[in-house]
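Model the full assembly from the supplied sequences, consistent with the hints where possible.
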Amino acid sequence: MTVEPAQPNLVLAVGPDRFEVKASGPELYGALRHLWVRCLAPGQPARYSNGNSTSDLPDHSGGNGRVDGNGAGNGYGSGQVLLESEVGVSRVTNDVITARRGLSIVFHAAGLADRESGCSVALVAPSGTGKTTAALTLCDEFGYLTDEALVVDPSTDEITAYPKPLAVLPPDGTRPKHLVSPDDLALEIAPPHPVLTALLVLDRVTAGDGQVEASEQPLVERLTLEKALAALVPQTSALTALPRGLRALCSLIDRAGGVHRIRYTTTEQLRPVVRDLLTGQDKGAGTRGHPWEPYDVDPPRTSHTPVESALPVRVPTASSRPRATGEPAAVQRAPVDDAVVIDERYLALLCGQRFAVVQGLGWALWEQAAEPVAGETLVDRFATDPEAPEDAADRVRWALDELLQQGVLTAVP
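Read in order, the letters of the sequence shown correspond to residues 1 to 413 in UniProt numbering.
What follows is a list of derived Cβ distance ranges for each label pair:
| no. | residue 1 | residue 2 | range |
| --- | --- | --- | --- |
| 1 | 172 | 115 | 27 to 35 angstroms |
| 2 | 332 | 42 | 52 to 60 angstroms |
| 3 | 224 | 141 | 25 to 33 angstroms |
| 4 | 329 | 41 | 52 to 60 angstroms |
| 5 | 386 | 216 | 49 to 57 angstroms |
| 6 | 401 | 41 | 46 to 54 angstroms |
| 7 | 173 | 126 | 18 to 26 angstroms |
| 8 | 380 | 407 | 20 to 28 angstroms |
| 9 | 384 | 413 | 25 to 33 angstroms |
| 10 | 387 | 241 | 39 to 47 angstroms |
| 11 | 141 | 332 | 47 to 55 angstroms |
Calculated from the structure, these hints are not laboratory results.
Just so it is clear, the structure is predicted and the values come from calculations on it, not from any experiment.
For every residue, glycine included, the Cβ atom is placed at its ideal position computed from N, Cα and C.
So this is what it looks like as structure tokens:
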């Protein structure tokens, strides 16, 4: 009897990258192979071999192809299979993100594609707020790209599909969730060359919570660029590792026709909005709704926020903001990875894992802190201006506190 070469691990392909998922035996190997059927690298054997013996794989075509923790009636065996499968999905997702670090923009998003044109939309949202449910509901019509990590080439907008297994609740709604192959869910296969053409931020709300009623239509709005960045940057992996990452994201937003946000109660409400976005019917006029330009941190530029006009900005009223006590410590700008100016009014700053948009007084203070400067010096510099309001000192202290909390200024010992 001829024994096949050892194949204890499963090899997955996500674009040009390859990832191994460990399989400790035929049961797990078969479960993983079935779950990852749309990500298998070419040549993955249909039988398990450890180099000493070869085993046929269990039949995973029954029981809806689900992996659950009970090991009964699902075709996948023990709860250990569940545990190892879940760990494998999480590990592969992290590895995909790591492999694309500095090369791609990776959104925390579900990806849906028009099967004919390849036009695709990113449904951006934090964990547990509707991405998987959207993919489950809408991919009877649209191609399934991913429900978690959408990999986009920042120069071509091409998407690398990552059609991973989905974690879904069983019909009775009880936990734990089940890992399910997209094939078993009959999700449509994505086209071969998907391209990102739309960005949609999901805001799922519960009917009756005062924000929206169940009978109401979903609320769709086109975000200003500063609000779009505030929504997208926290849901983007390793943006600072990408050269000029903030500028790359702004350019991507331009080409996608801006960013929309939808407030909705039922997932089916997303369908007509996604259709319109993928056909270009709901993108609004033009792609440059809010002009922006790169900001080179060195040397500092002050043309947009002269000191004499920095104080009259909208800040919390004296009664609503905490009164600053004591003089601020010395401060300095935090290291900036990238920055852009929006509408000549806002300065968007990417500082490591921190992102902030500053304007008016905040912008002026940030510019004055290119080198370490005592907080009391900044207070005196602004509060003694003849045009300054009576509470100027408090405003400056409050603004310095805000900039420190946002991470765009750092305290200097």
